[in-house]
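> Letter by letter, the chains look like this.
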Amino acid sequence: MEQWIALLLLISAIWLLQIRKISDSVPILAFQSLVLALTAGAMWYQTKLSHLLVAALLTLVVKAMIIPAILHYTIKKIDVHRQVERVTSKYAALLIATILSVAGFYVTSRLHLPSTKFGEPYLPVSITFVFLGAFIMIDHKKALMQGIGLITIENGLFLVAQSISYGMPMMVELGIFFDMLVTVVIIGILSFRIHSTFESLNIEKMSNLKG
Amino acid sequence: MFLQAVIIILLAPFIQGVIKKTKARMQNRIGPSVWQPYYDVMKFMKKDAVLSRHSSWLSIVTPYVVFVSIVTAGIFIPTYTVNNDWHFIGDVILVVYLFGVARFFTALTALDAGGSFGGMGSSREMALSAIAELALLLSLFAVCLSSETMKLPNLVVSLTHNGWDWFTPSYGLAFFAMLIVVIAETGRIPVDNPDTHLELTMVHEGMLLEYSGRYLGLMMWAAQIKQLLFLSLFISLFFPWGIAASGDILQTSLSFLLYVGKLIVLAMLLAFIETMYAKIRLFKVPKLLGASMILSLMAILLQVFE
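Chains A and B supply the protein sequences, listed in that same order. Take the first sequence: its letter number 185 is residue 185 in the UniProt record's numbering, and every next letter is one higher. Take the second sequence: its letter number 186 is residue 186 in the UniProt record's numbering, and every next letter is one higher.
Source of the hints: derived by calculation from the structure; they are not laboratory data. Cβ coordinates follow ideal geometry from the N, Cα and C atoms, glycine included. Careful: at least some of the hints might be erroneous.
FRET-style restraints, in silico, Cβ to Cβ [as the list claims (entries may be wrong)]:
#1 B:Leu257 <-> A:Met137: 52 to 58 Å
#2 B:Phe283 <-> A:Ala42: 26 to 32 Å
#3 A:Lys21 <-> B:Met45: 51 to 57 Å
#4 A:Lys141 <-> B:Ile280: 24 to 30 Å
#5 A:Lys205 <-> B:Met26: 47 to 53 Å
#6 B:Phe272 <-> A:Ile66: 50 to 56 Å
#7 A:Lys141 <-> B:Gly31: 46 to 52 Å
#8 B:Leu282 <-> A:Phe192: 21 to 27 Å
#9 A:Glu85 <-> B:Leu111: 39 to 45 Å
#10 B:Phe283 <-> A:Glu85: 20 to 26 Å
Using the sequences and the hints given, assemble the complete structure.
Here is the structure:
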């Protein structure tokens, strides 16, 4: 069962690279966070560690509801329903994503990271998440997608912590969730600002700012 | 073995008929009878063949080569029994390359008479098969890795012995990868439309335009057998349950009935997919097959590192 959930997560991360409109990315992100909350919930059920339940509920509320809502609101306000712009083509991105997943799986098999009993299947996927999130940030040109890549990286780190040591201490986790929320709000505000200055979200235009 | 070859040859037009009938019913048409492909083949066999004056011996040899190589490939694919005397000779790779031989001769002969559509059809077919063959092999490898054998009968035996352990993510991914390949290789709708003679759409049909009479009949029959074999391959890789392990008469006949049932269900599924989707552009087919390749690569990945 864990392997199927890991597979769902992997597919959702690769799917984020295959979207046609920016607005498509928000439901995928919400789905990804929902599965993530499910993993934390399942792990709480197996280990009965109460802070995992808190983490699962927080993931469900913050990452799967509030953050997609903020992103959705931003996209609706700026009205960027057009196609995504990326550096590579769609299929080159798919190929690179596959290579990155192979690298992620290979690295985890060679690193001999300590992993917990219930978290072991998630470990390769979580490392792959960090790679793919970084690749999303590099590949996309629209400013909003950088935030989505960041959230993917953060999801991967959450999963790493979960599979190595059943999650981080409570205070750290609360801090990270608050950070995430603030980051997304700032991404939203910055997107408004960038859009009102340049009439576009393309980050390449920001080099015009050089004096 | 002789019996299996005969059954494959005789069953193939029936499956074609089932697909056509289901498709017609889904489009609110009555459709031809299920037995219509048999009448077609018989009609073609009775007729005399007309060959172009410019064509060489290839045009006469190719229908036989194609038919024989496809039926030979059929001997290595377990259909209703795994009790196969011939499996020491060949494995999955031989099956794939026997199909490759048939495809090579079809494409070569399409150029033979010098018709313009033949050249177009064969160039399309070769361009697509360069990717489709790789996708087929990758998805086969993804399944074969789990039981560490490339011999189909051994693979089926180990799959049926696994019980509920077969339900792994890599198997699920390989299922979808293989489904795409089966649709592409049988020339069904998202990739190729087998029912039209429009120059914009045809891939396989374009190569058969120069044939007539019994040669055309043989080529069409071979295409139907190839379709049946791909469905059988799909069944024996993903739903092999109930296949007869021994030569017991009662068990074999039961397993044969089950096999025909599975074939009919799968044929209906194909017809359903055909009704749901429109044919995609030729330039998008490599991307579809690329998606299938990525799925099988991920399946192999999950298999190797877990």
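> Each hint: holds or not?
Quick rundown of the hints versus the structure:
no.	hint	in the structure
1	B:Leu257 <-> A:Met137: 52 to 58 Å	57 Å, holds
2	B:Phe283 <-> A:Ala42: 26 to 32 Å	43 Å, violated
3	A:Lys21 <-> B:Met45: 51 to 57 Å	54 Å, holds
4	A:Lys141 <-> B:Ile280: 24 to 30 Å	28 Å, holds
5	A:Lys205 <-> B:Met26: 47 to 53 Å	51 Å, holds
6	B:Phe272 <-> A:Ile66: 50 to 56 Å	41 Å, violated
7	A:Lys141 <-> B:Gly31: 46 to 52 Å	51 Å, holds
8	B:Leu282 <-> A:Phe192: 21 to 27 Å	44 Å, violated
9	A:Glu85 <-> B:Leu111: 39 to 45 Å	43 Å, holds
10	B:Phe283 <-> A:Glu85: 20 to 26 Å	22 Å, holds
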